[in-house]
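Student: The primary structure of each chain is shown beneath.
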Amino acid sequence: MAEEAKNNEPSAPVLHVAPGPHLQDVNLTTRRMMLDVLIGLAPVIVAATIFFRQYAWLQFGVCVGTCCLSEAICSAIRRKPIPLPDLSAVVTGLILALSLPWNSPIYVSVIGSAVAIVLGKVIFGGLGQNIFNPAMVGRAFVMLSFAAAIGAPAYVLHTGENPANPIMDVVSGATPMTALKESGGVTPLLALLLGNTYGSLGETSALACLLGGMYLCIRRTASWEIPAGVILAAVVISSAIEGYLAATQGGGLLNFIGNGGHWGVLSEVLGGALLFGAFFIATDPVTSPLTPKGKFIFGLGVGIFIMFIRKLSVYPEGVMFAVLLMNSVTPLINRWTVPKPLGTK
Amino acid sequence: MTRTVLTPAGRGTFAHGVHPPERKNLAADAAIEVLPTPTQVKIPLLQHVGATCESKVKSKQELAIGELLADSEAFISAPIHASINGVAGMQSVATLPNGRHVPAVPVAAGENQPSAEDLFKDVFGGDWPTSGLEQYAPEQIVQAARDGGLVGQGGAAFPTYVKLKHNPEKPIDTILLNGCECEPYLTADYRMMVETPSPIITGALLAARACSAKRVLIAVEDNKPLAVDTLRRAARGTDVQVVVLKTKYPQGGEKQTILATLGRTVPAGGLPLDVGVVVINVGTAAALARAVLRGKPLTHRVVCVTGAGIERPGNLLVPIGASYRDLIDYCGGLKPDAARVIAGGPMMGFTLGDLDTPVTKGTSGVTVLTERDVQRPGETNCVRCGRCVDACPMNLVPTRLALASRGKDWDLAKKYHITSCVECGCCAYVCPASLPLVQLIRMGKAQMPKE
Ligand code: SF4
Ligand code: SF4
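Going down the list, the protein sequences come from chains A and B. Residue 143 in our numbering sits at position 160 of the first sequence; the count goes up by one each step and never skips. Heads up, our numbering is the position in the second sequence plus 5, with the first residue counted as 1.
No wet-lab data here; the hints were simulated from the structure. Mixed in with the good hints there might be a few duds.
To be verified - In the DSBU-like style, the derived pairs of lysine-lysine whose C-alpha atoms are separated by at most 30 Å in a straight line are: (1) K276(A) x K323(A); (2) K413(B) x K323(A); (3) K251(B) x K276(A); (4) K323(A) x K251(B); (5) K420(B) x K328(A); (6) K63(A) x K413(B); (7) K419(B) x K328(A); (8) K65(B) x K328(A); (9) K175(B) x K126(B); (10) K219(B) x K301(B); (11) K301(B) x K276(A); (12) K450(B) x K276(A); (13) K323(A) x K455(B).
Working from the sequences, and respecting the hints, build out all of it.
Tutor: Take a look at the structure:
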């Protein structure tokens, strides 16, 4: 009927009037970006499943569920439509779960997720308004509140106390970073690459992070400038340290790269949460700068802070604090890197 | 006359921009057809940037094609001519696609109209010399451009004679013909370049004479190899060079074309003549040749009628003032799923609410999009992804400009150089949050108090 009307009378009001442009790149939507992150996380999730079995999925379920529920409740309170279809709560939940240890108590995961959504996102006004990466806000909150439950000691496997523990493929009893910090123990490169070591659910396999990260960069859902900056900073700083060591104590190229009982440049990059953080956490568009230049500076900053914390603080790993720190200077970076309009000097 | 042939220094492209689907294939192979004279045309008295013309005809006055219909004393304006043989009606008002209400004179068609063949031949046919053009003095060419009512046919519709007029402070060294036609779908310029390259070349040489430019370049995007070929063949033996640019939107934006061909950057707030360049559209060049050599004003133009929502896409030679409905009906009408009728291309065109709107000198096409084409995902908050920054050919921060416009924060808008925005729409095209960025910016530019 409407069609007939249109045929007889081409100017019937069924023609919309709208301002241009009348085309949109439908490959790029907020939802599609979030979906991309989920796809990019797939290898990481697979790796976590291989190494931590059902414990990984328990955390995924708890965190994602709590995040979605929190988002729904907050929206209901603020009488706004529930923005769940944009999938951002799912992404926050997954990232948080992947940055927790496999044995994080359920209540800790629940609190972390709720904090991530409520304090990390909703109080700022929802998606796009927050300053800090929500998952890292949740992570920081529980880490400071429940240090014993999920701090460094939690990662250590007490096989004796838990004989039913099915996790046996792993090679050491502490995370590579803790082992290094506390006893100078060095995890072999291959284990760092594949992921059969301890650590947070998502961080152990460098290979999985690289695979998923590449996908995100190719899709341009993540800006390559950020991971490039992080990795570059880590490589330069650890090279400087290794170079200094080599000059003062001797040691060959192998030492430099890191193998055979020495924690080298490559170990620094592959170990811990550096790659997971570089590709999946620091690249959160909302909390990173707008321009390519700004993104690179941001990445460098994250890398520098990670190395600082790793080398100089009591903490074995510093991705979380590095990201939160750089989040806070993002507005400043944005102001420094306003591009020059074409034709101005 | 000896001319130094300089090699253009551009890199064939510009930074940023977007690659929307081209969809030129819809109408690219449809040869230019002459629209049968409509029973009536409605000729707006403002079809250009500048002052509105005043009608010079009385109601019921007999008019012949090319007779002066309206004119203005103002410097920036262009006279308007009758586009069909017929009788003038009472002056009324027409609403242009951009929403402006302007006075218009209707002309009812008389019995006697030129046949399609004659009309086509008169506009594009016959001989277009490329030598011996020295007999036309620069002032004479400029005068012909003014008397012929020539305006830029790429869309902006700036009076051509103003561009060509000698300005002692700003010498021109290059005439740049714009054959990029970077808007998706549109193929009017393409058909002209392929079918009637000769008047384009002649017009280019005349324009160069008018402003004593040493160099004549024609910029064409690399998705139109056939046009490049025909133009090069037609330009043989002349100093006209055809430069092939990368296909990218908005390659045909004046500032982008100049940057891509010559490597020169037009200063912010400046004009091409600040860097010694005059840019004219290929269609305008052809009209210039006709005005100078044959003394004929701009009464007809080629309009591309295209899109998935039109039955039979094509390229039509139409009289100015014909209604969009005439064009659409000639092309078989709208398809049932047609959703938006756009005057111009899909990136920068305006939607029509009323198909009785008249075609003007700046109308390059009619694009009819379907429901499927115009579906947009729901709007979300800005996710600060920076894609709009990566897309902006003017190197602006669209998300900030839109924010400033929405909040009417003019200081912020100025700080982020809102006036540099060329309203190309790249930012809104890429925004994953589906924010109406350029729409907001356009509004902001319009509302911002002028200093
Ligand atoms: S493209 Fe859209 S969502 Fe991304 S920064 Fe620009 S305005 Fe925000
Ligand atoms: S801000 Fe203006 S110039 Fe930049 S992409 Fe958007 S519309 Fe084009």
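Student: Looking back at the numbered hints, which does the structure fail to meet, lowest number first?
Tutor: 8, 9 and 11
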